[in-house]
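> The residues making up each chain are set out below.
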Amino acid sequence: MRKRIQTWWQFFFGDSARAFGSLSVILLIALAIAPAKDRFREWTRYQRQYVRLIRGRGEAATLQRRFQGGLQQIWMPELGVTDRCGTCHLGLKEASLSDIPTQPFRPHPPIPHSLTEFGCVLCHRGQGAATDVEEAHRSTLAWEEPIVPARYLESSCGQCHWNELTGTPQLNLGRKLLAHYDCLSCHVLKTPQGRRVESTTDAPSLEHIARKTTREWIFAWLKNPQAYAVTATMPNFQLSDEDAREISAFVISQSTPYLPAGAAAESGPSGDAAAGAAVYGESFCASCHATQNAAGMLVGGDVGPELTRIGSKAKPEWLAEWLRNPKIYDPDTAMPHYRFDQKMLAPLRGFLEAKTDSDLLANVHLEPATPAQISHGKTLVTERGCASCHEINGVKKPDNFAPELTVVGSESLAKIVFAPGVSHTLPDYLQAKIRQPHTFPGSKMPQYAFAQPQVDALVTALLAQTERARALPPALLVAGRVESSYRPAGKAGQLMADMNCFSCHRIYGRGGDMAPDLTWEGSAVQRRWLVNFMKNPNTLRPALIRRMPRFNVTDAEAETIADYLLTVYQTPDFDRDALEAAKFTAADAELGKQLFYSKYACQACHILDPQNDKGYIGPTLTQVGARLNAAWIFHWLKNPQALRPGTIEPNRNMSDEDARALTAFLMKENREVAKK
Amino acid sequence: MTRLAIALFGLAFLAGCNRTHKPPATAARTFGAAIVEIGGGKQVGGIGAPLDQPVVVQVNDAKGSAVAGALVEIRTAGGAAAAPDAGLTGSDGQFSSMVSLGGAAGRYQVVALTRDKSGKAVELRLDEIALGSQQQLGRVLNDQYCSRCHDPESTPERVSNHDNLTAKPHAFTEGAVLNAMSDADLASIIGYGGPALNKSPEMPPYGYTLSKPDLESLIAYIRAVADPPYRSKGLIYARY
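Here the protein sequences come in this chain order: A and B.
Counting in the numbering used here, the first sequence runs from 93 upward without gaps.
Counting in the numbering used here, the second sequence runs from -15 upward without gaps.
A hint or two may mislead.
[Stated by the list, open to error] Cβ pair distances, simulated, as ranges: (1) Asn182/B / Pro545/A: 37 to 45 Å; (2) Ala151/B / Leu163/A: 36 to 44 Å; (3) Asp333/A / Ala46/B: 56 to 64 Å; (4) Ala678/A / Pro213/B: 53 to 61 Å; (5) Thr474/A / Asp147/B: 37 to 45 Å.
If you are wondering where the hints come from, they were derived from the structure by calculation, not from laboratory data.
In this text, all values refer to a predicted model and were calculated from it rather than measured experimentally.
Ideal Cβ placement from N, Cα and C applies to all residues, glycine included.
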């Protein structure tokens, strides 16, 4: 053996010439290894596959000209992007490859951003610099951010876009739910600029709760809020009977009277429930409140609480006081002060009191509570964080009650305690945490009753909260809509606050979006019509089920509000009196009529002549000449979105002549209708 | 002795392998002759997400009455998945499964399969539609601007205006009509209104209200939901 080695040694390194020759060969082999190694890498295999794929196609020459071999990299240090995805995904920009069914050669579907300006990982996440499949796509030990699953892809838009994008319904829904279900009262969630996102639901104050409802109802509600109302936003805390008994005892005991002693007015007996149903309907309570109908379907809006079983909850004396003027019990309520008279109030109370559910409180029998139970109830209220959402006498609103969510989309997997059976990815963890919070040891989070699409939407919104979003250049961030703090002044301002116009209408960036934005309303409408409308809001849009209710205002109140609206809410773009209806000629109006019915076919959406026109998408125009100003109609026809952003009436790119003729027709034709 | 050890090792090895295999599907107790759709076909969902409604199929015998206890398999491709992907029909002869779609926009074929007495496969093919980001934007715009007239069905929240129009608008699922129109024609009629193609002025122009990408996404949505499915004609040389 030894001898054989010696012979070999002699053969290769026996003298200097042999040694030089052998070493040269070794060096040559070593040099050849590096390029050979690249040849066997995964990505070169894909590139060879791609070349073979395009060779047989009709557009081969074009594709081949655009093909670049070797590692492809997009590097944008300011965005933190180093992407080599294009090394294997070679057809990303080739629209002609759309028939290729599988990755990696599919073209990228059209998106609003340029691939070269934003790269891949900004939206898809994953490890951009990696050049093999496993490393780039999945989470490995060294890299915790895998590709985000397609179902949550909208989350990536949310990293920069805090505004409501039209194309991201899931993200928008998720953000809405976070605010609507009061998640943000316990959890802190901040925008990259550091602004805390506020909850949009104002959970009721419990400071005077004993006047409103009974301890038995509170007990049943605490045990299962959804048994009282399927739409309840309050989660189920899965309390034991004993805990629910003690919390209800404490909540009742801390309640203080809200009316000075002896101030409670005599409300008289409640009236006929059937007549009350008519008042409920006429007052358009269903615009905000839902009730279950006989078929079990929910009918009505979601601004106020569901009223299906209100009779089992509200005490009759509280209900009477609340309906008379809700602002006394809760100055911040979204419920308007309706100014009902006794004739309406009594039947309405009767109708609501009759909405009971005998099963709800059938098995609730509570013994009077001992002081020890009450004080334990207070401890429980503090532990469960009730005061995060509700005002409670003697319990301070806790700070940082639940973990902050600002960067939850970048949460390190190593820091997460997974419940058994949950696969170890961040989206799956978030899904499980929202669906079954109680399976996580030590979790204080209550049980919500979300449907699957809602959970998906919430996970999408949470995955948008990344570290990367905070590091992006501020110029890329698109700020969201922030409610302004606008308050109208004076007597009209008080009236508008009293009737809660802002619960439905938006003015100067504050208010709801159920009803039209009134920011420029003063330029739009005529005084006489507005005063009449305030007193008796007639139907403008027949297809809508949400309507403006009648607030039973006095003449003086209607005039005060009308004058304020007409004076303050005027657009600076034009003078509302610039076009005088009297100056239009009959020829103008005749031309307008032709244009209305033939060229622009306005009757497809509007009813002007109730005998023949049927369209009911836009407002009815039978009264339009007495409702709107000529100048407003003219400018509206020219560009509706300029006056009310987001209105669905399309801009018709109308000439001044056409708009003028149509205005003349609309102003005149109405006067005839009005005369009848 | 050695042989026994090798045999034992081999058995243990195979037993280890077995864990990655699927457990054998439940054996069918009865057999049907036909499989029909009860619901869940032609749903429109987002990419990678589960569909809203389950896919429900029913196994019938030769006389057309429901068969309980027949084995149904649900087969999917292209990243779509069904849960459960196999099982026996219930006492009503029905089997339901939640289908989630793959990560790319397009149509996914879901095949529901059962075997008759002779072991021959009887299949039912259902199409499900996954919307990508562009089509999703189109869907939102459709809900906002188009569906009030183009969708003849009314919902409690939205009353359809379809029947109030002299020229009845085509529902976007009417592939037979809309597939024959080119992208350019659709862009013209949406952008410039019905008269652009000698059609009714009741279709107003949206080109001054919506942007070009908005119009493109509406067209992409119309193409996505067409029934029969839309197939693009010829090669595209464009580059994004």
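> Flag every earlier hint the structure violates by its number, smallest first.
2, 5
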